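Listed below are the residues making up each chain.
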Amino acid sequence: MKNAVGRDIPDYLLVNGKEVYQGKNYMDGKYIQKAAPKTRRYEKPQESKIVATIADALRQCGCKDGCTFSFHHHLRNGDYVANMVVKAAVEELGVKDITVAATSLGSAHDVIADYIEQGIVVGVQTSGIRGRIGDVVSAGKLKTPAIIRSHGGRPRAIEAGEVHIDIAVVAAPTSDCMGNCRGIGGKHNCGSMGYAMTDAKYADHVIVVTDDLVDFPNYPASVEAIDVDAVVVVDCIGDPKKIASAAARISQNPRDLMMAENVAKVIAATPYFKEGFSFQTGVGGPSLAANLFLEKYMDERGIKMGWAIGGICGPMVELLKKGKVGKVIDVQDFDLESVNSINQTPNHFEMSASQYANPANKGAFVNKLDFVVLAALEIDTGFNVNVLTGSDGVLRGAPGGHPDTAAGSKCCIIVTPLTRGRMATVCEHVVTVTTPGDCVDVLVTDYGIAVNPLRPDLIECLDKAGIPHVSIESLKEKAYSLVGRPDDLEWEDKVVAVLEARDGTILDVVRKIKPYTVDQD
Amino acid sequence: MIPRPKPERFRLRRTMIFMSAQKPGLIKDAYIYGVDSIMLDLEDAVAENQKDAARFSLYHCLKTIDYGDTEVIVRINGLDTPHWQEDIRVCVAGGADGIRIAKCESAQDVHTVEAAVLAAEKEFGVEEGRTLLMAALESPKGILNAYEICSASDRMFGVAISGGDFRKCMQTKFQPDGVDMLVARGQMLLAARAAGVQCFDTVFTNLNDEEGYRAEVMQNKAMGFDGKSLINPKQIRLVHELFAPTEKEIVQAEKIVRAYREQSAAGVGVFTVDGKMIDIAFIPGAERTLKLARACGLYEGDLV
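Those protein sequence lines, which keep their order, are chains A and B. Sequential numbering from 1 applies to the first sequence in this note's numbering. Sequential numbering from 1 applies to the second sequence in this note's numbering.
No wet-lab data here; the hints were simulated from the structure. Keep in mind the model is a prediction, meaning the values are calculated, not measured.
Away from chain A, derived, C-beta distances all over 10 Å, residues of chain B:
(1) Ala45
(2) Gly196
(3) Ala215
(4) Val257
(5) Arg288
Interface residues of chain B toward chain A, partial, derived using beta-carbon atoms under 7 Å:
(6) Ile32
(7) Tyr33
(8) Pro233
(9) Lys234
Heads up, the beta-carbon is just placed ideally off N, CA and C, and yes, glycines get one too.
All chains should be modelled from the sequences, with the hints used to inform the complete structure.
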């Protein structure tokens with residue numbers, strides 16, 4: 001069945017009430033029955049929840065065949081914990097048919113790719129899929145299609161019981177003996193632990209893995225002891241070099257700077273740019289650099305930002321410290337400056353993924369966003385964005401909070417160069433729709449700006465401000481004239497990944513890619 | 001094949017950015033930054049053993065990339081090198097808008113290049129006289145001969161001073177107040193204005209010194225330069241900002257031109273605007289302000 005963004009969704013996926021994507025806010029007003037976890041009572045006072053090994057903790061939590069684990073990705077590419085846990089389950093407990101439900105998976109998790117190939121890990125649910133896992137899933141080696149959700153779609157699915165977590169694993173930079181966890185104060189800090197919060201509340205069992213045991217109570221806690229079954233102390237939870245970069249530097253690339261400046265110009269031309277406005281930006285070159293130019297416009301107009309959310313890094317913390325933004329509330333920290341600031345700098349707070357972006361709760365932060373600035377791997381003439389699959393059709397990206405912030409914000413700006421190498425970023429049809437075009441308002445490229453025709457009000461704003469803009473079709477034509485029009489990808493029938501819209505409907509599917517062969521004649 | 005319109009000898013040239021012709025990644029779309037002129041460099045930015053490779057990439061980019069309204073000039077190698085003749089053939093064959101003569105010291109240098117350009121235009125069937133010329137003055141001798149250089153050819157649209165080489169010759173270094181090149185800049189400006197061609201200042205090389213850059217651009221404007229040579233796209237915006245007429249200047253210029261046209265139609269030669277005496281001598285300046293304002297996107301009226 002074709003959905004609202006023109007993607008053909010196989011009927012066999014449309015069971016148990018699953019629907020195809022119908023457009024923005026389709027589920028508004030509907031009721032959900034939240035799925036409560038079945039948890040064990042620890043009524044008798046315990047001195048400590050520390051157990052010797054991960055295997056012991058898994059046994060205590062009843063880990064068995066068909067188990068679903070949840071992991072969170074605050075340790076990013078430096079994460080050792082997910083591998084340790086899956087390995088212990090497989091090698092020491094002999095568990096099979098495992099589902100890995102992570103907030104994101106990347107090159108740190110190649111071990112899990114091996115287990116997929118061996119048929120031991122049979123399900124993957126994630127908001128990001130990169131590295132070898134992406135390759136093996138794309139090659140059709142996972143038994144069931146991977147399910148890809150946004151950062152807001154994941155807590156929605158957990159709360160709705162669409163994914164039931166048997167064991168949530170919390171990788172904690174610090175924990176006390178009872179399982180109160182924080183992302184700061186330890187050897188390998190990650191700052192916010194926002195993605196772990198919903199998981200810990202809705203999992204049947206919670207295991208904390210830390211490498212820095214601190215005095216009780218480790219407070220205020222990101223994940224609270226009341227939800228934790230066991231605490232395991234290991235030598236090292238991750239590679240600090242890959243957990244948080246030294247400091248996210250604003251790009252000096254003139255192309256990035258030019259695009260960033262145009263992003264700021266567009267923002268300053270809208271009626272939402274006023275005292276107390278709210279803002280989120282990505283950490284990519286031009287997205288991050290938009291901070292710099294936005295500050296100039298704020299100074300010029302004598303206004304301040306009310307609040308900023310998102311994954312946060314240094315430049316936003318700088319603005320907070322300068323008093324140019326009222327509050328920063330984040331689910332993840334990307335560099336040491338933000339890691340060292342959260343819950344330390346006044347008005348820098350942590351929030352859960354649900355509070356950040358869940359479309360099914362009673363009003364997430366994204367719904368109050370004025371502006372979000374996002375990157376894209378591809379964007380098509382329907383303003384649909386792909387941030388998941390590469391031009392070869394292989395899974396190598398992350399919807400993350402992209403679809404949530406795009407849908408919730410008043411003005412969603414995509415910033416991307418028109419071409420990357422030989423690839424046209426602005427194209428006829430994106431490989432995979434990860435953010436539907438009805439949520440995207442403005443596209444800023446190095447070759448010009450295009451406004452979604454669904455937003456005549458923004459077109460008028462740009463015209464009034466004298467900001468030139470063109471049709472997205474003309475940008476696509478320009479891109480193809482520069483790098484050529486690629487042949488269509490060739491797919492097999494097998495669906496390797498289902499891409500859920502944030503509301504739980506099916507936005508797109510990723511199929512197994514046909515191996516590329518060169519014609520010999 | 002991208003046909004380029006016939007180059008205009010006198011057009012807006014506030015910014016002229018150097019890009020090595022050897023770097024396809026740079027020159028493929030250098031126009032996106034909104035610079036007035038691109039200066040594709042075959043000279044100092046290209047290693048001696050890469051000159052022919054740079055010519056190939058230059059020729060193909062001229063032939064295949066649509067630079068739109070952005071002017072495309074090529075800096076060729078000096079007349080004391082074995083490269084300049086072939087450089088000229090490539091520029092003309094590719095259809096560059098103009099050629100910058102490096103290390104120009106005399107009218108004869110201009111004539112030498114002009115002859116080669118004409119020959120190339122004939123060889124490649126390019127309209128004769130199409131290819132414009134400008135000269136870079138890099139030595140005391142070049143500065144002293146500025147007037148004869150500026151007036152050496154109808155193809156000449158301007159001169160630029162090249163600070164690096166010039167300072168070396170003068171045994172001086174960059175000074176924040178510009179005193180190191182004050183006389184040279186002044187002499188070159190005098191010559192250019194006397195000959196009726198444009199005049200461009202040298203590059204500012206310290207990209208991290210924002211204050212110093214702003215001071216130099218302001219001085220350039222105050223001295224009467226038409227534009228500045230640049231090394232990085234991020235330098236473009238400030239020049240365009242500072243060289244643009246202010247709103248007050250635009251309003252004043254509009255009043256003067258309008259009043260002049262009304263008064264002269266009524267047979268009046270001298271009159272007052274806002275208490276100031278105005279006669280025909282004020283008109284070219286006021287019209288130039290309006291033209292510049294229009295080019296900067298600040299004036300949409302119909303007086304110019």
